[in-house]
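**Q** Sequence:
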Amino acid sequence: MLCLVNHKYKLTKIFIRPAHDIWLDKLVYTIPIILYSLRAVSIFFDEPTLLCTIANHIPHYLIILLVVVTSTFFEEYLVRGLIFGSFLVYFKHHYWRVQLSILFSAFIFSLSHLMNLLSQNPLQTLSQMIYTFGFGCLLSMLYIRSRSLLIPFITHFLLNLPSFLDNSSLSATPKSLIGPVCFLIVFLTYTFIFINKDEEQHYQF
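Oh and the sequence shown: position 44 is 41 in this note's numbering, straight run, nothing missing.
Among the hints, erroneous ones may be present.
Here are the in silico distance ranges between beta carbons for each label pair [to be verified]:
hint, residue 1, residue 2, range
1, 43, 68, 34 to 40 angstroms
2, 119, 91, 18 to 24 angstroms
3, 49, 88, 48 to 54 angstroms
4, 58, 32, 21 to 27 angstroms
5, 93, 52, 36 to 42 angstroms
6, 45, 174, 44 to 50 angstroms
7, 161, 27, 42 to 48 angstroms
Because the hints were derived from the structure by calculation, they are not lab data. Each residue gets a CB set at the ideal place from its N, CA and C atoms; glycine is no exception.
Construct the complete structure from the given sequences, taking the supplied hints into account.
**A** Written as structure tokens, this is what we have:
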């Protein structure tokens, strides 16, 4: 259904290879991938026995990997591809077209995590929503900058992977909101500094 909607309205552009060649563009979307790769690897240092556990339960962890890949692709295709693309069409003649599209699509991405209230407490969910709003802004910027859904997909995949491998829940307190708020500030700053000013060549409607 998503593919049919996309084919009709041509909202999503998926490229296997990023379109820009200048060093700044590559640096902008490479830095988050490197940082989240380090975060994903760090889980094996925090949990030395995890690698042995994975080796002893390979079929189980292959299913986990499949779940992470498919859920991440679905979210990126839907939110960054169709929803973000729809907002770009809606705000086509607005001066702050790209900025508003980024913020509104990130807000919807954040709201989608309300369903986690079914499995965790409200404070944990609020913390996750704050983080995912900033992260959603970052992913939209990476999509614009790279002209490829592949880049936000990889970044999102690297974010999700550790939590799926080690699903131990952390206790949430009001102080635990400080981290997500700090990340929100960093994500928004990084996003709105590096928005590509030549986005018109990326989205021709």
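**Q** Go ahead and decide if the range 42 to 48 angstroms is satisfied by the Cβ distance of residue 161 to residue 27.
**A** At 24 angstroms between Cβs, range violated.
**Q** Just to be sure I understand the hint, the distance between the Cβ atoms of residue 49 and residue 88 should be within 48 to 54 angstroms; is that true here?
**A** Given range 48 to 54 angstroms: holds, Cβ gap about 51 angstroms.
**Q** Given a hinted range of 44 to 50 angstroms, is it respected by the beta-carbon distance of residue 45 and residue 174?
**A** The hinted range 44 to 50 angstroms is violated for residue 45 and residue 174, with Cβ atoms some 30 angstroms apart.
**Q** State, for the Cβ atoms of residue 119 and residue 91, whether the hinted interval 18 to 24 angstroms holds or is violated.
**A** 34 angstroms, violated
**Q** May I ask you to test the hint 36 to 42 angstroms on the CB atoms belonging to residue 93 and residue 52?
**A** 51 angstroms, violated
**Q** Against the range 34 to 40 angstroms, how does the distance between the Cβ atoms of residue 43 and residue 68 compare: consistent or not?
**A** 23 angstroms, violated
**Q** Could you see if the CB distance from residue 58 to residue 32 stays within 21 to 27 angstroms?
**A** Distance hint for residue 58, residue 32 holds at roughly 24 angstroms.
Going down the numbered hints, you'll see the structure goes against 1, 2, 5, 6 and 7, while the others check out.
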